[in-house]
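S.K.: Next come the chains, spelled out residue by residue.
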Amino acid sequence: MSDIAIRVENLGKQYRIGVQNDYYPTLRDAITQAALYPFRVLRYGIPSQHETIWALRNISFEVKQGEVLGVIGRNGAGKSTLLKILSRVTEPSEGYAEIHGRVGALLEVGTGFHPELTGRENIYLNGAILGMKRAEIQKKFDEIVEFSGIEKFIDTPVKRYSSGMYLRLAFAVAAHLEPQILVVDEVLAVGDAEFQRKCLGKMSDVASQGRTVLFVSHNMSAILRLTQETIVLEGGKMLMRAPSNQAVDFYLSSGLSQSGEKRWQKDDLPTDCYPFRPIAMRIRNPRGNVVETVRSTEPIEVEVEYELASPINGLRVGIYLINTHGETIFTSFDTDDGEMYEKYSVRQAGHYLSRCIIPADLLNDGRYILGLNASVYRLKRYFHEPNALNFTVDSTGAPGKQWFEVRQGFIRPRLNWQIEREPYAVEQA
Amino acid sequence: MAQQTSLTSKIPSEVVLLRPSRGWIPLNLRELWAFRELIYFLTWRDIKVRYKQTVLGAAWAILQPLINMVVLSFIFGNLAKLSTDNIPRPIFTFTALLPWGLFSKALADAGRSMLTNRSMITKVYFPRLIIPLSSVLGGLVDFVIQFVILLAMMLYFRIPPSGAVWSLPFFVLLSLATAFGFGLWLSALNVLYRDVGYILPFLTQIWMLVTPVAYSAKVVPSEYQFFYALNPMVGVVEGFRWALLGARPPDALTLSVSSAISVVVLISGMYYFRRMERTFADMV
Chain E
0 MSDIAIRVEN LGKQYRIGVQ NDYYPTLRDA ITQAALYPFR VLRYGIPSQH
50 ETIWALRNIS FEVKQGEVLG VIGRNGAGKS TLLKILSRVT EPSEGYAEIH
100 GRVGALLEVG TGFHPELTGR ENIYLNGAIL GMKRAEIQKK FDEIVEFSGI
150 EKFIDTPVKR YSSGMYLRLA FAVAAHLEPQ ILVVDEVLAV GDAEFQRKCL
200 GKMSDVASQG RTVLFVSHNM SAILRLTQET IVLEGGKMLM RAPSNQAVDF
250 YLSSGLSQSG EKRWQKDDLP TDCYPFRPIA MRIRNPRGNV VETVRSTEPI
300 EVEVEYELAS PINGLRVGIY LINTHGETIF TSFDTDDGEM YEKYSVRQAG
350 HYLSRCIIPA DLLNDGRYIL GLNASVYRLK RYFHEPNALN FTVDSTGAPG
400 KQWFEVRQGF IRPRLNWQIE REPYAVEQA
Chain X
0 MAQQTSLTSK IPSEVVLLRP SRGWIPLNLR ELWAFRELIY FLTWRDIKVR
50 YKQTVLGAAW AILQPLINMV VLSFIFGNLA KLSTDNIPRP IFTFTALLPW
100 GLFSKALADA GRSMLTNRSM ITKVYFPRLI IPLSSVLGGL VDFVIQFVIL
150 LAMMLYFRIP PSGAVWSLPF FVLLSLATAF GFGLWLSALN VLYRDVGYIL
200 PFLTQIWMLV TPVAYSAKVV PSEYQFFYAL NPMVGVVEGF RWALLGARPP
250 DALTLSVSSA ISVVVLISGM YYFRRMERTF ADMV
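For the protein sequence lines, the chains are E and X, in the order given.
So the first sequence is numbered by numbering that gives the first Met the number 0: it starts at 0 and just counts up by one.
So the second sequence is numbered by numbering that gives the first Met the number 0: it starts at 0 and just counts up by one.
Bear in mind the hints are in silico, worked out from the structure with no lab data behind them.
Backbone N, C-alpha and C define an ideal beta-carbon position, used for all residues, glycine too.
A couple of the hints might just be wrong.
Quick list of the computed label-pair ranges, beta carbon to beta carbon [as the list claims (entries may be wrong)]:
{"id": "1", "chain 1": "E", "residue 1": "Asp-204", "chain 2": "X", "residue 2": "Val-283", "range": "33 to 43 Å"}
{"id": "2", "chain 1": "E", "residue 1": "Gly-75", "chain 2": "X", "residue 2": "Ile-198", "range": "53 to 63 Å"}
{"id": "3", "chain 1": "E", "residue 1": "Pro-412", "chain 2": "X", "residue 2": "Gly-196", "range": "52 to 62 Å"}
{"id": "4", "chain 1": "E", "residue 1": "Gln-264", "chain 2": "X", "residue 2": "Pro-19", "range": "54 to 64 Å"}
{"id": "5", "chain 1": "E", "residue 1": "Gly-163", "chain 2": "X", "residue 2": "Ala-58", "range": "33 to 43 Å"}
Think about it this way: if two alpha-carbon atoms lie no more than 25 Å apart in a straight line, the pair counts; the simulated BS3-like pairs of lysine-lysine are [stated by the list, open to error]:
{"id": "6", "chain 1": "X", "residue 1": "Lys-47", "chain 2": "E", "residue 2": "Lys-151"}
{"id": "7", "chain 1": "E", "residue 1": "Lys-151", "chain 2": "X", "residue 2": "Lys-51"}
{"id": "8", "chain 1": "E", "residue 1": "Lys-132", "chain 2": "X", "residue 2": "Lys-47"}
{"id": "9", "chain 1": "X", "residue 1": "Lys-47", "chain 2": "E", "residue 2": "Lys-139"}
{"id": "10", "chain 1": "X", "residue 1": "Lys-51", "chain 2": "E", "residue 2": "Lys-138"}
{"id": "11", "chain 1": "X", "residue 1": "Lys-47", "chain 2": "X", "residue 2": "Lys-217"}
Chain X with its partners taken away, still in its complex shape (with noise of 0.2 Å):
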């Protein structure tokens, strides 16, 4: 069927064959793209909801990781006396706590996003991707309104940013790649098997004892470096400090490690959801 592509004709250029799929389906990212002006409104209307009829409002985003800072660096400073790199331990502990905060409500929020729009998924198309992907960019300003409260932490504490500043960008597209790469696993096998909103509690609680985010890296014995680089978070916490506070630099088999999981997670978590997507609507 041969298609023309003149202008004056009303015959529409738009072909689309509905058949049953096989095998691996490519990503489509250029349907992605035609398809953004969704992602900014899923975002935006996840942004605006989520801190509706409370009292505090956005003052949470401040908050949480405030109140995590407090407890980790009492326990972690005041019991168990594990080192900072000669950092004060409340930044020293906050500036991990960001990309973290970002990395575990991005992981958890898109891990339960097909089943929370579920609705949407049911009557309407769009490429599902957007689901897991808007939940992600959602953290987003979250991460700027305590980015601001770190920079005036680092003006009170008087430590200037390392000339590794630049760096930051990279480890903040980082750790939401990993949060997006994990969370399309998540999010697509939620739809099959609902035990993943149970695990996901578990999951980050267990991945955050695994992350240096209230101790050094540097406790950790050098021999299982290697594995504990597995983690790509450890490499975005260690970059963060190295970055901002000047910090000792990640070594390059940490970093290297840790992006190369990442991209390996993330591209195999495309294109697995985009293979689970055609069950997603009869499954959710």
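Only chain E is shown next, with the shape it has when bound in the complex (with noise of 0.2 Å):
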């Protein structure tokens, strides 16, 4: 008898994408087919064109009880599908997956939560959807509102709850699910700094209680600090299965993470922003790879491309970063710099480049937003954006990673300690 949780054999998931724009089936195609091809219809829908993507192919692992086991890979690279898979939501359509034990699948936190209910009903019903007994809820009801911390609003309905409020009642229930394996996806990427530690925290005690674990996530250090072993998918496929570090320096060096660019159609501009018209809005890492994660102790270049389509007296091209609290961290132009300012009183129509290096050893882990804004100072905004682009920090390798917590504060510098034992001379005189 072996010790597997999971097996999974070459498994392949292909979905159906129509090629035609908008394309629904209605019912007329339906009757007409329905008409030639009775059964045909009843069972797969009008055929209509279509073409299909693997959305997951050929991927076979195995996890063994009691081990976690991260997933990690850019959008659209699979994750979820897999997640879905092994939850049994959906069916994979090649392969298969042998699953031993009771799973419990926590694709988002709050599946059901009904807006007109009350926190105590909604744990009751939520707790019903993820598996739970209502024995099993009654007997955790205490601490999963002391978990929460909403003791106050447990009878409010929740449409009247703030979103870090739903977000905690609703995390509050999926965690005392039990659950021999635990399947979880991106549910700690919301909610402030708090809400992620509480998260991080129970999903650690989870993985020392010898459950078995996929955890899919983007956050790389959660990765590092929760599993032992990582697989990297990449357009459906899986590239590698490693010890999580290896893993991990593999995805963020490789440029997998890329998608850290943001482009904008001609039809989609404001047409007031003329002749100031932006094309795009990049992240680079120092090997000049567009990606969506950067690692806080390399130097990280933007880069925005715009063109003029006449002079312009005095424009400034900049930039906000801004966290996802929405708080400012700084904003910065490219004529900042006196010189610069001479430099480019006038700027001449053409196609540009804005360049600038956010240093490395800056910035704290998280995720960050840039936003773009293009003006001449007390005369017009010709452009601006303010949720341009977003893109993750991670901190492997970051002064203070030997402890395992969350650094508070907007940046994270690397400060040149220097410790001195002074001799205990004025104490003996």
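Assemble the dimeric complex from its two separately framed chains, guided by the hints.
M.R.: Pasting the structure below:
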């Protein structure tokens, strides 16, 4: 008898994507088709022009009982599809997966929450949806409420909750699920730092209790902290399975995490930005790759590409860096420097790239938002996009990482500390 | 892979194999039973939420059939003057509106249920049959409230329940089974074709006209009775009047045809639903 918790063999999932725009099957097509092929229509729907894609293919791996396995990959790599199959939400198209034990899946917190019901009622409802028995929920009810920290509002409809309270309650229910195998998607990417700390704490509790966990995340430090091994997915395929530090290192340095680019289409632009036309904004790592996740220990290059249809006097193009609470960390323009300001007092028509470097060892880990601003001081704001691009800073290797704690503060600079030991000269005198 | 059943073994006894399914899938009613608490909670949610943020609240459960009764009694009594087998028209109509309301609400709710519960279906596994099933059961509370009103009306009109009152649960069950059966077909089709959402209002409207709610089934010529009975709600409504008001009993042909149709639709609906279930999370 093996001690395998999950065995996945050649797993694949194919999705149909319509090639025609907005093609939805309608009953009219169904009726014509039904007249021709009565049984096929009831089974598969109307045949329309479909292209198929493999969201996942040839995936094979095993997870032992009590093992915590991380799954990383950029958006669209197939992580969510894998979790959906393992949590039985959807069926694989080929291959198979064997699950030994009761699975609890957290693809989202607060599934089935009803806004009109109170916190108390939603705890029961959500618990039942996640597969808890009523007696089990009753037993853990006080614990759940305490964990959520919203005792006062437990009999208020959740539609009156702030989004933070809603999340805390939702996670509290999920955290008290006790399956043998836990499958978790990016539930930790939401909420404030305090909430995330709580979630991570709970996750490591679960992991240390010897339960099997499959953990998908964009948060590399969480992956490193919670998992022993990690698989890297890309384009529906499994690129590697390795000890987590190697897998994360591979993922971050291979430029897989890319998508750190925002492009503006001509049609989407407001007309009053003329003659300024933004084309793209990108984030690059020191190897020149456009990436979504950058390391805090490396300099980050921000690039703005734009066009001027005619010259502008005193134009400044700049960025805002905002954290996920909406607090601005800094604002910087390309003509902040006195020399640059003189040199570009008139910017001629043409195609431009404005680049800057955010120095290494500056930002704390977490998600950041970059905004774009193109304006002439006190005269005109040509373009303003507070939410142009977001990216993740990963603090692997940053100072203080020997302690698994959330570092408070917007920035995480590497300061030059000195420690000197003073002789006891004074006291002896 | 042999399975140990030793209680002390740390190895969980439950092994689930996930692989592409083909063809017809067993109904797996045992699993449905294992999830009975979820059926309860979802039904309870539907009931709890139904009259939230309304001024009249649960009074709507009573007002809807009452208003219907007044309108239908007026049109069919004073204008069309259709026979009621010598039963006072208000109670004649109201008795039919009870199972009809239960049925039409269950049908409409079940038909839309897969879409309204989309967020759950794409995030959590549970037997999907639970969704239309709990929508159907959610109507029972309204039915019970309305039934109390009906009893009051029977007192008022001095109509004692007939000797056939023992058969009432059967007719309630028949209307639920019919609603569940058609609801299964419609909800599964609704995932594939959103047209179902537009058809539902017409369907219930027309269905009501071909059900003896506002008139007696006797007005239908005998040569059409067989086709008429293909609508299972004919048997249900006639049965209700028979069991409660002592009206003419539904004839054996009507009853057996109605029941047979209902059972066929229910079983085929369950299998069709199970068969389509694999695509729900991807299509909904």
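S.K.: If a hint holds in the structure, say so; if it does not, say that too.
M.R.: Against the structure, the hints come out as follows:
no.: 1; hint: E:Asp-204 x X:Val-283: 33 to 43 Å; result: 35 Å, holds
no.: 2; hint: E:Gly-75 x X:Ile-198: 53 to 63 Å; result: 36 Å, violated
no.: 3; hint: E:Pro-412 x X:Gly-196: 52 to 62 Å; result: 57 Å, holds
no.: 4; hint: E:Gln-264 x X:Pro-19: 54 to 64 Å; result: 39 Å, violated
no.: 5; hint: E:Gly-163 x X:Ala-58: 33 to 43 Å; result: 37 Å, holds
no.: 6; hint: X:Lys-47 x E:Lys-151; result: 22 Å, holds
no.: 7; hint: E:Lys-151 x X:Lys-51; result: 22 Å, holds
no.: 8; hint: E:Lys-132 x X:Lys-47; result: 20 Å, holds
no.: 9; hint: X:Lys-47 x E:Lys-139; result: 23 Å, holds
no.: 10; hint: X:Lys-51 x E:Lys-138; result: 29 Å, violated
no.: 11; hint: X:Lys-47 x X:Lys-217; result: 40 Å, violated
This entry does not satisfy hints 2, 4, 10 and 11, going by the numbered hints stated previously.
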